[in-house]
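> Sequence:
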Amino acid sequence: MEKRKYQICKCCVMDTSDEDIVFDENGVCMRCNEYKKRILPTWNYGNGHEAELNVLIKEIKEKGKGKKYDCILGLSGGLDSSYMLHLAVKEWGLRPFVFHIDAGWNLPVAEKNIKRLTDKLGVKLHIKKMNWDEMREMQLAWFRTGLEMLDAPQDHAFIALIDEYSRKLGVKYILNGYNISTEIIADPESWERGSGPTGDGTYMKDVIRKHCSIPIKEYTFTNGFKHKFWIPYVLGVKTLKPLNLVPVTRQQMIDKLGEEYGYVPYGQKHFEDLITKFLEGWWAPTRFGHDIRRAQLSSLVVTGQMTREEALKILEEPPLSEEESKELFKEVAKRLEISEEELMAFHDMPECTEKFRSQEKLYNMGIRLYELLGIEKRIRK
Numbered sequence: 001m002e003k004r005k006y007q008i009c010k011c012c013v014m015d016t017s018d019e020d021i022v023f024d025e026n027g028v029c030m031r032c033n034e035y036k037k038r039i040l041p042t043w044n045y046g047n048g049h050e051a052e053l054n055v056l057i058k059e060i061k062e063k064g065k066g067k068k069y070d071c072i073l074g075l076s077g078g079l080d081s082s083y084m085l086h087l088a089v090k091e092w093g094l095r096p097f098v099f100h101i102d103a104g105w106n107l108p109v110a111e112k113n114i115k116r117l118t119d120k121l122g123v124k125l126h127i128k129k130m131n132w133d134e135m136r137e138m139q140l141a142w143f144r145t146g147l148e149m150l151d152a153p154q155d156h157a158f159i160a161l162i163d164e165y166s167r168k169l170g171v172k173y174i175l176n177g178y179n180i181s182t183e184i185i186a187d188p189e190s191w192e193r194g195s196g197p198t199g200d201g202t203y204m205k206d207v208i209r210k211h212c213s214i215p216i217k218e219y220t221f222t223n224g225f226k227h228k229f230w231i232p233y234v235l236g237v238k239t240l241k242p243l244n245l246v247p248v249t250r251q252q253m254i255d256k257l258g259e260e261y262g263y264v265p266y267g268q269k270h271f272e273d274l275i276t277k278f279l280e281g282w283w284a285p286t287r288f289g290h291d292i293r294r295a296q297l298s299s300l301v302v303t304g305q306m307t308r309e310e311a312l313k314i315l316e317e318p319p320l321s322e323e324e325s326k327e328l329f330k331e332v333a334k335r336l337e338i339s340e341e342e343l344m345a346f347h348d349m350p351e352c353t354e355k356f357r358s359q360e361k362l363y364n365m366g367i368r369l370y371e372l373l374g375i376e377k378r379i380r381k
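Letter by letter, the sequence shown follows residues 1 to 381 of the numbering used here.
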């Protein structure tokens with residue numbers, strides 16, 4: 001197959017490292033055009049949503065009367081979930097059940113940020129400590145697949161625990177930190193080929209069956225039917241994204257959290273977690289030629305928080321220095337209890353051609369339906 005000629009969007013910094021990218025006659029990619037046509041007119045940079053937000057907050061408080069908690073919030077320590085917690089408690093007076101997953105990969109800076117936030121806000125932090133033997137083996141299983149998207153063990157656990165807590169607590173609202181301002185452009189689907197949807201228990205269990213050498217007994221699973229239908233439509237649990245209803249930028253979030261809580265930023269989105277920092281900062285760029293910063297920076301460019309020239313300047317340098325990459329490589333190998341040679345062998349193995357069972361078609365149909373209904377506010381191509 002003839003290699004595609006390199007091209008980069010004239011508006012953002014997405015390029016042909018996404019094999020499916022499409023450009024118009026002016027050299028503008030389909031994401032920028034979709035943002036201007038589908039997202040911006042109703043979002044309006046978070047302006048003009050005051051009445052909608054007030055109705056939402058009032059509804060959460062009324063439905064939560066007599067309960068210990070009126071909403072659920074998963075706190076990773078990242079910028080978006082941290083700012084979401086600040087607004088929920090300090091600005092809106094909500095009483096969230098705040099939980100954090102300790103999958104064994106926390107960085108000290110993230111743990112300190114989480115403690116500063118929860119201590120000053122006076123909220124109890126519920127920590128779910130995952131079984132490390134299982135998490136280690138699952139992480140190795142995903143390395144063995146040769147796939148690119150290797151964060152599945154942590155990501156699925158987060159979704160599954162949200163589903164579990166919403167059932168157990170009887171709370172009808174989940175606060176999701178996703179926001180158009182910093183995340184409108186998702187990672188390209190072409191970078192995820194071969195992987196199943198993050199919330200798909202069918203896919204998770206098939207990889208485990210084929211590549212785990214120990215039984216996985218304590219891990220929590222969910223599935224598309226439960227997450228996308230039963231919990232929202234039968235149990236009536238709503239997942240809300242209220243950051244889209246307030247005018248806020250990435251820098252404003254950093255400044256406010258720093259001023260109020262001494263929050264220390266991580267330099268790059270998702271760098272609060274060691275394995276994710278390693279995978280996104282070194283593994284994906286060197287093994288697959290994919291730099292996740294393209295999507296992250298493009299989100300900031302199209303929303304007017306950064307110029308295209310500034311984004312291109314950032315991309316001239318690698319996400320991590322050579323020294324930090326080597327340190328992370330050694331630490332990941334050590335925690336996985338494998339040699340550095342074994343880890344490098346995973347890095348150099350052929351890309352995955354193995355097929356895994358999944359409910360991907362069902363998920364994709366759901367996403368397209370949500371887009372038509374105006375529910376899905378993320379550009380996912």
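No lab work stands behind these hints: they were computed from the structure. Using N, Cα and C, we set each Cβ at its ideal position, and we do this for glycine too. Careful, some of the hints might be misleading.
[Claimed, not checked] DSSO-like cross-link-like pairs, simulated, lysine-lysine; straight-line CA separation at most 30 Å: (1) Lys36 x Lys256; (2) Lys228 x Lys205; (3) Lys217 x Lys124; (4) Lys120 x Lys61; (5) Lys67 x Lys129; (6) Lys120 x Lys238; (7) Lys128 x Lys68; (8) Lys172 x Lys129; (9) Lys5 x Lys61; (10) Lys205 x Lys63; (11) Lys36 x Lys115; (12) Lys124 x Lys226; (13) Lys129 x Lys58.
[To be verified] Simulated restraints on C-beta separations: (14) Ala51 x Leu312: 20 to 28 Å; (15) Gly258 x Glu316: 22 to 30 Å; (16) Asp20 x Ile127: 36 to 44 Å; (17) Lys168 x Asp24: 36 to 44 Å; (18) Thr286 x Gly258: 29 to 37 Å; (19) Val55 x Tyr233: 15 to 23 Å; (20) Pro318 x Met349: 21 to 29 Å; (21) Glu354 x Glu62: 44 to 52 Å; (22) Lys326 x Gly236: 49 to 57 Å; (23) Asp133 x Lys10: 46 to 54 Å.
> Give a verdict on every hint.
The hints, checked one at a time:
no. : hint                        : in the structure
1   : Lys36 x Lys256              : holds, 28 Å
2   : Lys228 x Lys205             : holds, 18 Å
3   : Lys217 x Lys124             : holds, 28 Å
4   : Lys120 x Lys61              : holds, 22 Å
5   : Lys67 x Lys129              : holds, 25 Å
6   : Lys120 x Lys238             : holds, 28 Å
7   : Lys128 x Lys68              : holds, 19 Å
8   : Lys172 x Lys129             : holds, 24 Å
9   : Lys5 x Lys61                : violated, 55 Å
10  : Lys205 x Lys63              : violated, 36 Å
11  : Lys36 x Lys115              : violated, 39 Å
12  : Lys124 x Lys226             : holds, 28 Å
13  : Lys129 x Lys58              : violated, 33 Å
14  : Ala51 x Leu312: 20 to 28 Å  : violated, 39 Å
15  : Gly258 x Glu316: 22 to 30 Å : holds, 27 Å
16  : Asp20 x Ile127: 36 to 44 Å  : holds, 39 Å
17  : Lys168 x Asp24: 36 to 44 Å  : violated, 49 Å
18  : Thr286 x Gly258: 29 to 37 Å : holds, 32 Å
19  : Val55 x Tyr233: 15 to 23 Å  : holds, 21 Å
20  : Pro318 x Met349: 21 to 29 Å : holds, 22 Å
21  : Glu354 x Glu62: 44 to 52 Å  : holds, 50 Å
22  : Lys326 x Gly236: 49 to 57 Å : holds, 50 Å
23  : Asp133 x Lys10: 46 to 54 Å  : holds, 50 Å
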